[in-house]
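Chemist: Numbering (numbering that gives the first Met the number 0), first residue to last: 0 to 159.
Hints listed in this document are in silico derivations from the structure and should not be mistaken for laboratory results. Computed from a prediction, not measured in an experiment: that's the story for all the values here. Incorrect hints may appear among the rest.
[To be verified] Computed spacing ranges between beta-carbons, pair by pair:
hint, residue 1, residue 2, range
1, 33, 119, 21 to 27 Å
2, 8, 140, 51 to 57 Å
3, 91, 136, 23 to 29 Å
4, 153, 102, 43 to 49 Å
5, 136, 19, 21 to 27 Å
6, 144, 71, 33 to 39 Å
7, 12, 44, 33 to 39 Å
8, 138, 98, 30 to 36 Å
9, 123, 144, 24 to 30 Å
10, 109, 136, 39 to 45 Å
11, 72, 127, 20 to 26 Å
12, 47, 83, 18 to 24 Å
13, 141, 19, 19 to 25 Å
Even for Gly, the Cβ is constructed at its ideal location relative to N, Cα and C.
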Amino acid sequence: MQTSERFLCEAIELARENVRQGGRPFGAVVVKDGEVVATGVNDVVATHDPTAHAELQAIRAASRALGSARLDGCAIYASGQPCPMCLAAMHLTGIREVAFAYSSQDAEPFGLSRADVYAEMAKPLAEQSLKAEYRPVRPEGDDLYELWRSVTARLGKQSG
């Protein structure tokens, strides 16, 4: 069995166990240098947190395990095709590789596809169903971003 298949099987087994525990059928494994760094399952039902997707749970655990918000050099193996939120998190953390075992098309008959969200996010912001409006409010006091730059420069680090 190839390494990627082994990690995908691990993600699927995590998802199966999550279903047995009353959760949704999604599991994810974060791997770096051929070693599992962290795992996660979809905890949306248990936590009532709509962002508790398996990939995000695994990213959170990997960030804690590696002591960094950056996960450069890591790959994610997921039981299902990541949604746009999870893909965005992968981009933000520096993950450059993801493999998944079940596609959105596989999930569609079970009501588990997020193809609708992909389609919505592909529209220009002004055409999306979510009303998003830029309002350049600047209350008196320190400019928010200038404050961030000066504090991080003083501390000698950048915050992700």
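Chemist: If a hint holds in the structure, say so; if it doesn't, say that too.
Modeler: Now for the hints, and whether the structure bears them out:
no.	hint	in the structure
1	33 x 119: 21 to 27 Å	violated (37 Å)
2	8 x 140: 51 to 57 Å	holds (54 Å)
3	91 x 136: 23 to 29 Å	holds (25 Å)
4	153 x 102: 43 to 49 Å	holds (48 Å)
5	136 x 19: 21 to 27 Å	violated (49 Å)
6	144 x 71: 33 to 39 Å	violated (24 Å)
7	12 x 44: 33 to 39 Å	violated (19 Å)
8	138 x 98: 30 to 36 Å	violated (46 Å)
9	123 x 144: 24 to 30 Å	holds (25 Å)
10	109 x 136: 39 to 45 Å	holds (44 Å)
11	72 x 127: 20 to 26 Å	violated (34 Å)
12	47 x 83: 18 to 24 Å	holds (21 Å)
13	141 x 19: 19 to 25 Å	violated (52 Å)
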